[in-house]
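Visitor: Here are the chains, one letter per residue:
2 protein chains.
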Amino acid sequence: MVITAGVDLGGTKIQAAVMRGRRVVGQARRPTPQTGAGEVIAAMADLVMESLALAGVAAGELGAVGVGTPGIVDSDTGAVSRAANVPGFEEGVLLGPELSRLLGDVPVRVDNDVRAAVVGEHRLGAGRSYSDLLGVFVGTGVGGGLVLGGRLRRGLGAAGEIGHAVVQPDGRRCSCGRRGCLEAYAGRQGIERQARKRQAAGTRTVLFQTMEKMGRDRLTSGVIAQALKEGDDLAHELIEDAVKALGVALASAQNLLDMQAIVLGGGLADKLGPEFVERVEKAMKPHVFAEHPTAPVLPTGLGDLSGAVGAAISVASIGVARPRP
Amino acid sequence: MVITAGVDLGGTKIQAAVMRGRRVVGQARRPTPQTGAGEVIAAMADLVMESLALAGVAAGELGAVGVGTPGIVDSDTGAVSRAANVPGFEEGVLLGPELSRLLGDVPVRVDNDVRAAVVGEHRLGAGRSYSDLLGVFVGTGVGGGLVLGGRLRRGLGAAGEIGHAVVQPDGRRCSCGRRGCLEAYAGRQGIERQARKRQAAGTRTVLFQTMEKMGRDRLTSGVIAQALKEGDDLAHELIEDAVKALGVALASAQNLLDMQAIVLGGGLADKLGPEFVERVEKAMKPHVFAEHPTAPVLPTGLGDLSGAVGAAISVASIGVARPRP
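So the sequences go chain by chain: A and B.
In terms of our numbering, the first sequence is residues 219 to 543.
In terms of our numbering, the second sequence is residues 219 to 543.
Note that these hints are calculated values from the structure, not bench results.
Fair warning: there could be bad hints in the mix.
Where chains are identical, the list cannot tell them apart; a pair therefore holds if satisfied intra-copy or between any two copies.
Said to hold, decoys possible - In silico lysine to aspartate or glutamate, EDC-like type, Cα no more than 20 Å apart, as pairs:
hint, residue 1, residue 2
1, Lys462, Asp388
2, Lys431, Glu448
3, Lys500, Asp435
4, Lys503, Asp388
5, Lys431, Glu309
6, Lys489, Asp451
7, Lys500, Asp388
8, Lys462, Glu499
9, Lys415, Asp435
10, Lys447, Glu496
11, Lys489, Asp435
12, Lys462, Glu493
13, Lys462, Glu257
Make the full structure from the sequences, and use the hints.
Guide: Next up, the structure:
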């Protein structure tokens, strides 16, 4: 059976997984090196080797490696750029070829991180019984990916950007420079920006004290979850805004596409748990047009592993084509 | 070559077309009888016969008939219900079988009117060079249909309802009972409701005088166009609202799907002309996320004929299967 590896590259951590067919047989993760692109790519290679060792698989048996990365991906060359959260990845990095070289010239295919996660959830996660699926990942920003008729939709290369659906015309400023995008309401960064603005305007909140107590320099999903637990009014209000914005954007997408299911994941959704996912499903309902039962909104089935698993699965056909050593 | 007919049923008029392969060889239209379902179906049969005669085609040569209708369609039985604007079609009507009987048992397939129009535009109209296409029809309400990868998307049966995309949370009340739907801002009925409200609240407008002068009992697209010509401030404001709402909904759809083109038709768009379509395209731009040139927004290529042509084309394969007499 073909053996492939998947690597999910993030600004905070790197997750690798080795799969034998449809089964994860080894996995490893570590924090993303903050020093430069070379160190990041070396860490990715190390994690693949570590996962292989844990799986008891020799490096020579590895058929192919799939990578999910933020930023702009040129899937022909394996180059990545504009991944602002990964050190050295803002400018262009030849991620595919360099990782391949470190792994003994094994074939490497690079794709967008959100799409890899959607493929993972579609093939082996919460979306595995559906052929029409929207995956939405709420983390620093909000990313999305569509599977229609069993196939990942790419469009002209930019399909899936539900994070930039307009949920409030002339609304909050988004990190993309536009106004009223879903991401400005439901992304961790958008929530932080709004929290700082409200605090500066005199609203009392424990969010930033909690952040300091937890030794963080930004409002991580964990910080937000803790402030909610402590009953912080501003945290509750901002999460309610996020839920409403997700309800509007997901319902509009559902009215247009009439999908079978929606998977809601990402750091914030995973941290806030199934109750958050249920609230979003409830917030969609008033806006859904169809009379048949609407698509269920599901938590991810693979959690942190969606991206690495999806990346590994998506190169299975390349893996088969490679002659064994 | 196979000969098929298409009938586009509307609350105001019925349009029929006869096609030989991909060419319209005869067409006819008349106002929709306001007396009952029997008269409506008889008129549809008459129009098919009239179109055949104009095409110089004998009734026996007709291979199949496609129908586009408003309301809820059961495509297995050919039954239609909840088409509130067509006399007698609010309750269930066995449209397919009854029309078939009147036409000498020729096969009849019934589908949604907006989908038929999208198929027409995709196959022979403004969308014919694209495999990924959103069709939006702005008339009494706002309907939509999607062609993805060359195929009409149905979803679980309700795909394409961009008219109920949320463009303003807690915004204007829509005829569907929800709030803030695109249709409440861009549909003729939504515009009329808002105009009456504004007039009752003291806003001066020539809209309703124009309506009476033109002998209408509602704000038709023609009435709105006339008031715009006369420089009516309220008419200009409401059309600007419609343009903005279309910009928001189309951009959000584009960010999610990254389509090749958008076709904008329907009574209001056709009446207000290419300038209106250009304004909508411009209103989308600030919200579009992708960096590549965005999908052009195009006026329909077939105008009033989109629906009848689409319905006729969609039964071409049935037509082939029928043995010639």
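Visitor: Each of the hints needs a verdict: does it hold here or not?
Guide: Now for the hints, and whether the structure bears them out:
| no. | hint | in the structure |
| --- | --- | --- |
| 1 | Lys462 with Asp388 | both (16 Å within a copy, 11 Å between copies) |
| 2 | Lys431 with Glu448 | within (13 Å within a copy, 65 Å between copies) |
| 3 | Lys500 with Asp435 | neither (33 Å within a copy, 40 Å between copies) |
| 4 | Lys503 with Asp388 | between (24 Å within a copy, 14 Å between copies) |
| 5 | Lys431 with Glu309 | neither (34 Å within a copy, 65 Å between copies) |
| 6 | Lys489 with Asp451 | within (19 Å within a copy, 51 Å between copies) |
| 7 | Lys500 with Asp388 | between (25 Å within a copy, 16 Å between copies) |
| 8 | Lys462 with Glu499 | within (10 Å within a copy, 28 Å between copies) |
| 9 | Lys415 with Asp435 | within (16 Å within a copy, 51 Å between copies) |
| 10 | Lys447 with Glu496 | within (18 Å within a copy, 50 Å between copies) |
| 11 | Lys489 with Asp435 | within (18 Å within a copy, 57 Å between copies) |
| 12 | Lys462 with Glu493 | within (14 Å within a copy, 35 Å between copies) |
| 13 | Lys462 with Glu257 | neither (40 Å within a copy, 47 Å between copies) |
When the structure is compared with the earlier hints, violations turn up for hints 3, 5 and 13 and for no others.
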